[in-house]
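Undergrad: The residues making up each chain are set out below.
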Amino acid sequence: MTLIDQLRFNTQVLVRQRWRTALLLLTISLGVASVVVLTSVGEGARRYVAGEFSALGQQILIVLPGKTETRGGAPPLYGTSPRDLTLEDANALARLGSIGRVAPIIAGTARVSHGNIAREVITLGTTPDFFPVRNLTIGLGQPLPASAVDSASPTLVLGAKLKQQLFGNSNPLNQWLRVGERRFRVVGVLEERGESLGLDMRDMAIIPIRSAEQLFDSAGLFRILLELKQLDQLALAKQQILERIRLRHDGEDDVTLISQDSMLHSFDNVLRTLTASVGAIAAISLLVAGILIMNISLISVSQRQREIGLLKALGAPANLVRALFVNEALLLTGSGALLGTAAGELAVALALRLLPGFPFSAPLWAELAAILMAMGSGLLFSWWPASRAARLDPVLAMRGASGGQQ
Amino acid sequence: MSASSPTATPLIDLYQLSKQYPIGNNLLKALDRIDLQINAGEYVAITGPSGSGKSTLLNMIGLLDRPDSGGYRLRGETTEALAEERRARRRREQIGFIFQAFHLIPRLSALENISLPLMLAGLPRAEQQRRGMQALQQVGLGPQASQRPNQLSGGQQQRVAIARAIVMQPPLLLADEPTGNLDQHSGVEVIELLEGLNDQGMTLLIVTHDPALAKRTRRQLQLVDGRIVSDQRP
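As given, the protein sequences belong to chains A and B, one line each in that order.
Quick note on this note's numbering: the first sequence kicks off at 1 and runs consecutively.
Quick note on this note's numbering: the second sequence kicks off at 1 and runs consecutively.
Take these hints with a grain of salt, some might be off.
Label pairs and their calculated CB-CB ranges [what the hints assert, rightly or not]:
no. : chain 1 : residue 1 : chain 2 : residue 2 : range
1   : B       : S146      : A       : L23       : 20 to 30 Å
2   : A       : R391      : B       : R33       : 33 to 43 Å
3   : B       : Y15       : A       : R391      : 21 to 31 Å
4   : A       : S335      : B       : D199      : 28 to 38 Å
5   : B       : A8        : A       : R391      : 46 to 56 Å
6   : A       : W384      : B       : N150      : 26 to 36 Å
7   : A       : L346      : B       : G142      : 19 to 29 Å
8   : B       : N26       : A       : I299      : 28 to 38 Å
9   : B       : S146      : A       : S335      : 41 to 51 Å
10  : B       : G24       : A       : W19       : 53 to 63 Å
11  : B       : P22       : A       : I299      : 19 to 29 Å
12  : B       : E127      : A       : L346      : 20 to 30 Å
13  : A       : I4        : B       : Q137      : 37 to 47 Å
14  : B       : G140      : A       : I299      : 52 to 62 Å
Computed from the model, here is a short list of chain A residues facing chain B with C-beta under 7 Å [to be verified]:
no. : residue
15  : D5
16  : L7
17  : R16
18  : P145
19  : E213
20  : A276
21  : A280
22  : A313
23  : L314
24  : V395
Bear in mind the hints are in silico, worked out from the structure with no lab data behind them.
Please read these numbers as outputs of a predicted model, since none were measured by experiment.
Glycine included, every Cβ here is placed at the ideal spot set by N, Cα and C.
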């Protein structure tokens, strides 16, 4: 039989039995599409978490008061030290050549009230540089005024959720509210944004650092955020910072430096687990898709065992029968796999539109594995029953059974 | 038994051919040490009660089944030792088989069904068309070339099956109850068609349990319990 005739024979099977072909294609593409969609959810989760941890920005360094030994656990968010880190320390670091913007932070919990509504929230005292350093954008009004660098002006920026709780839908700008016993004027509202580094910026009030010193009656900084002038100066900057602190702290560099590197490193385990989960999701969905395709291949070939017997009776050798069925399976699973990949990608694109915050993305290796699995499974489980039927004497195959009865 | 032309090698030569099938815990002797010679050009009926092994005998001669013991020489060639590839080739080139249930492929047109053996043999497309059409006209179904089996009557379907069996112009034509699924009128038409092919020189073996049909042949074999109990040439 010529190759062209084989191909013609195969396409006749697929084209002239439209419903059968459509159902088989549907099943195969469903299996492949589910692998694409499921892995895109898993990979999306992994990327989401990775994105959260790298939101810090590569050029940011965090200085915490107190020295903590590296124990391989989570990074020390709260250092312990007898010696405070002060605004003066921050200003001294700001004069280092490798350091750009500096945002010292004093943090505490304070009662914020407007009219008869009061909320206990985390209140940050900081400088205007805090906003660009943390990539915070103002949704309404202004960030802290420039004077907030070194004077206790009674100005305040609200988180989006806190604003909603205190003011509802009315305009909070230039309204006065109380933080503890002091009065502050609202100058801006942060744009709605999710959690970041464990701090819910939506539920927070931000005031000038000098005001916070007075409010909490303490000059001890919670931390200092530093922005490097150049990315490749990380090591140099770390060294300069420690030297400068040693100079100011009687010869002790009693601070802890955290960079994005070390953060990401500590969360490596989380990311590794997530990556493994994506792999597991892919493996399970591939297995299910493979079994699905195995079943339809087995059924569709066994249904045609009589045809195999007839072809043999008409003089087709076993090799030719096998080739016919294997080619048919390749045609069918190949187009099913392509359809399924396209459908899966379409679903992912749709999901991205509906949930723009979540980075759905099917890994390429998962798509390739799905296509290979579909074609492999289709091939193997068509070849196997076709081969078995082709080995039988025609009279047995035509009877449609593997055993013989007269 | 003596062959009618002792000088020529018989077309079919069976010696001590046996076949058993397991039925539950017992073995059914479908064929029991059959000895049989059939010469080219003969017209033979194989009769017998159901279960006597007549279809099994025809399947053996058609190389659709394998004996447990004994031998079968087709045109003087021992068939037991033939590799699968060779057996397929013998079926394709030397034997035309006609089934009671027609066994046409429903998705293929009459012409495509008939051309299937030519296609399997790897003939060029144009040659397939030409010889397929020729066979179709020979069975009187030229106008039905592009119709599917389910658009044809039973008699027409069996004629398509006959055209498929003769399209490779084999010397041997085997028909297993060819009229079993047909009304009497179509049955007679089919038999006359087969007899015409026999007149042109094809050896014709028909399995039947219809005595009227058996009487038309020139040699009648009767099987009972897997043995030939009579071999008559009226």
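Undergrad: Close enough to count: is the Cβ of A/L314 nearer than 7 Å to one in chain B?
TA: At 5 Å from the nearest chain B Cβ, A/L314 passes the 7 Å test, so the hint holds.
Undergrad: Let's test the interface hint: is any C-beta of chain B closer than 7 Å to that of A/R16?
TA: holds (4 Å)
Undergrad: Do B/S146 and A/S335 keep their Cβ atoms within the hinted range of 41 to 51 Å?
TA: Given range 41 to 51 Å: violated, Cβ gap about 27 Å.
Undergrad: Regarding the hint that A/P145 lies at the interface with chain B, is the smallest CB-CB distance below 7 Å?
TA: Check failed: Cβ of A/P145 comes no nearer than 82 Å to chain B, outside 7 Å.
Undergrad: Given A/V395 as an interface hint, is its Cβ closer than 7 Å to any Cβ of chain B?
TA: holds (4 Å)
Undergrad: May I ask you to test the hint 33 to 43 Å on the CB atoms belonging to A/R391 and B/R33?
TA: Between A/R391 and B/R33, where Cβ atoms are some 28 Å apart, the hint is violated.
Undergrad: So does B/G24 sit 53 to 63 Å from A/W19, Cβ to Cβ?
TA: At 40 Å between Cβs, range violated.
Undergrad: Kindly confirm whether 20 to 30 Å is satisfied by the beta carbon distance between B/S146 and A/L23.
TA: holds (27 Å)
Undergrad: Given the hint of 21 to 31 Å, is the C-beta distance from B/Y15 to A/R391 inside that range or not?
TA: holds (27 Å)
Undergrad: Hint A/L7 vs chain B: min CB-CB distance below 7 Å?
TA: violated (12 Å)
Undergrad: Could one say that the CB atoms of A/W384 and B/N150 fall in the range 26 to 36 Å?
TA: holds (31 Å)
Undergrad: Take the C-beta atom of B/E127 and the C-beta atom of A/L346, compute their distance, and say whether it sits inside 20 to 30 Å.
TA: violated (47 Å)
Hint compliance for this structure: hints 2, 4, 5, 7, 9, 10, 12, 13, 14, 16, 18, 19, 20 and 21 are broken, all remaining hints hold.
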